[in-house]
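Protein sequence lines, in the order shown, are assigned to chains A and B.
So the first sequence is residues 1 to 221, counted in full-length UniProt numbering.
So the second sequence is residues 1 to 311, counted in full-length UniProt numbering.
Bear in mind the hints are in silico, worked out from the structure with no lab data behind them.
C-beta: ideal position from N, C-alpha, C; glycine also.
Covered stretches of chain A (in silico footprint by chain B; criterion: 3 or more residues with CB under 8 Å from a CB of chain B, positions within the stretch not fixed):
(1) 73-84
(2) 101-115
Beyond 10 Å from chain B on every Cβ pair, some chain A residues (computed):
(3) M169
(4) A172
(5) T174
(6) V179
(7) G190
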Amino acid sequence: MLELRAVTAGYDRRTPVLRDVDLTVADGEAVGLLGPSGCGKSTLARVAALLHRPDAGEVRLAGTPVPGFRHRAPRALRTTVGVVFQQPRQAADPRLTLRDLIAEPLRATGRAAEVADRLAELAPTVGLGGDLLTRGPHEVSDGQLQRACVARALVLRPRLLICDEMTAMLDASTTAALVGVVEDYRAATGAALLAVGHDRVLLDRWCDRVTHLASGSSARA
Amino acid sequence: MTAPAADPSAAEGPGGPPTPASGGPWSAAASARRGRRDHRTLRVRTSVVLGVALALAVLLVPLLVPLDQQAVDLANKLRPPSWEHPFGTDDVGRDVLLRCVYGLRVSLLVGLVAALAASVLGVCVGALAASLGGSVDRLVMRVVDGISSVPHLLLGVFIVAMFRPGVWPVILSVGLTHWVSTARIVRAEIHSLRSRPYIDAAVSGGASRWRVTVRHLVPGVWPQAALAAVLMVPHAIWHESALSFLGLGIPPHQASLGTMTEAARGSLLAGDWWPTLFPGLFIIVPTLVIAGLAGAWRERINPRRRSELML
Chain A
1 MLELRAVTAG
11 YDRRTPVLRD
21 VDLTVADGEA
31 VGLLGPSGCG
41 KSTLARVAAL
51 LHRPDAGEVR
61 LAGTPVPGFR
71 HRAPRALRTT
81 VGVVFQQPRQ
91 AADPRLTLRD
101 LIAEPLRATG
111 RAAEVADRLA
121 ELAPTVGLGG
131 DLLTRGPHEV
141 SDGQLQRACV
151 ARALVLRPRL
161 LICDEMTAML
171 DASTTAALVG
181 VVEDYRAATG
191 AALLAVGHDR
201 VLLDRWCDRV
211 THLASGSSAR
221 A
Chain B
1 MTAPAADPSA
11 AEGPGGPPTP
21 ASGGPWSAAA
31 SARRGRRDHR
41 TLRVRTSVVL
51 GVALALAVLL
61 VPLLVPLDQQ
71 AVDLANKLRP
81 PSWEHPFGTD
91 DVGRDVLLRC
101 VYGLRVSLLV
111 GLVAALAASV
121 LGVCVGALAA
131 SLGGSVDRLV
141 MRVVDGISSV
151 PHLLLGVFIV
161 AMFRPGVWPV
171 ILSVGLTHWV
181 STARIVRAEI
191 HSLRSRPYID
201 AAVSGGASRW
211 RVTVRHLVPG
221 VWPQAALAAV
231 LMVPHAIWHE
241 SALSFLGLGI
251 PPHQASLGTM
261 TEAARGSLLA
271 GDWWPTLFPG
281 LFIIVPTLVI
291 AGLAGAWRER
301 INPRRRSELM
311 L
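Please work from the sequences and hints to get the whole structure.
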């Protein structure tokens, strides 16, 4: 599903955060990515989600080499990957209600007609009651907002889900609920998962395989 | 154990009496804070009252008062302020108060329309440069630098000189020279928003460049852009007055604050102060009113930055 070969990436060419990293996620597989903070886990997740252009290396998604990153990646390729970010507050446009937040990818891809159906389906799945959907991000808790962000990541039915420290800000019960949501979705669709985190216990239980990213050096996985 | 508890100076020990800045509701620092706040609310209230009064005058006087601002009365020329003519009359006997109100109408029209046009243009250019990035961004910003390196007034004079005198060339000249500051503000704000994770989320959700800009970036800079637009209104009024004063703006028969001050220059030398003083006040007061309101608004949306007037 996802193949990263010899990827070197960072924010300054002279001191890349990632050097020569290989990572493979097979169809339907759940891979956990562990590492200390600052080792480039999130950068790797951004590269895999086609949001950050690596300085060197190749990224293959669904068998095809990725021709570009961010807006240079074809829309169909970008939307095969669903991303959940670490901090829901930062990842939600403060001016949208939760309903619009979840519906935004559908509207952006010209599928506004499906909004009502998908929302009716997803809101109960992630545990958002009717009243919550009409509120803005500043009117809900971190946990509720992260539920909306998970719904947003699932709304286009991605074939690969990238969870970048999805549960770092959340309490145990919300963590369990959201991991449950992701696993139910994967069981239903056979989607692959790349879960990034620093919680070994969680990733060991959640993923088929856990790989380590050592600080500032290369990794093979 | 007799007196010390009741005697405050004994209780303080070697440090002596408390310094006034050390806190408490009656300390000097607290009263200075209160003073600043009172000063601010006084400024905002005065601005609101004067603003409403001027707005009513400008909107209602032409509808309700059946006097002609161009009516010449040579028998009553250069009369000092009186009950009949509160601001006096000018060198051809026209009522200065009435002409001030009509002049302010023109100035506000120019100010509002030009500020709106300049802001829309500035937001478009700034958003375009910031969201396309790369070489487009660099090219656009060099053009902006080029335009802002020429004095606004000079460029404005050049633009009005290409048309017949009137209100619209003035609006055009002010609008076309003042969008650069807004473009800079919008570009800088969008650059800081672009790296937010919610923009990443939008890109990942399949949003096009256009959609990211229009749906997520521009709404994010809206408060700053609107504030810049409001602060530009007084600036535009000053430009209109300056152009008219130079004889390049509004034609002389039409009342405008600039044409009035220009026309009254001669009588000022003869000691007749009212035909220049009152139009001058009508330029300054609305400027301060708008700046006061915009400053209060800016302190609300961004308390850390001090309000400043762009003149």
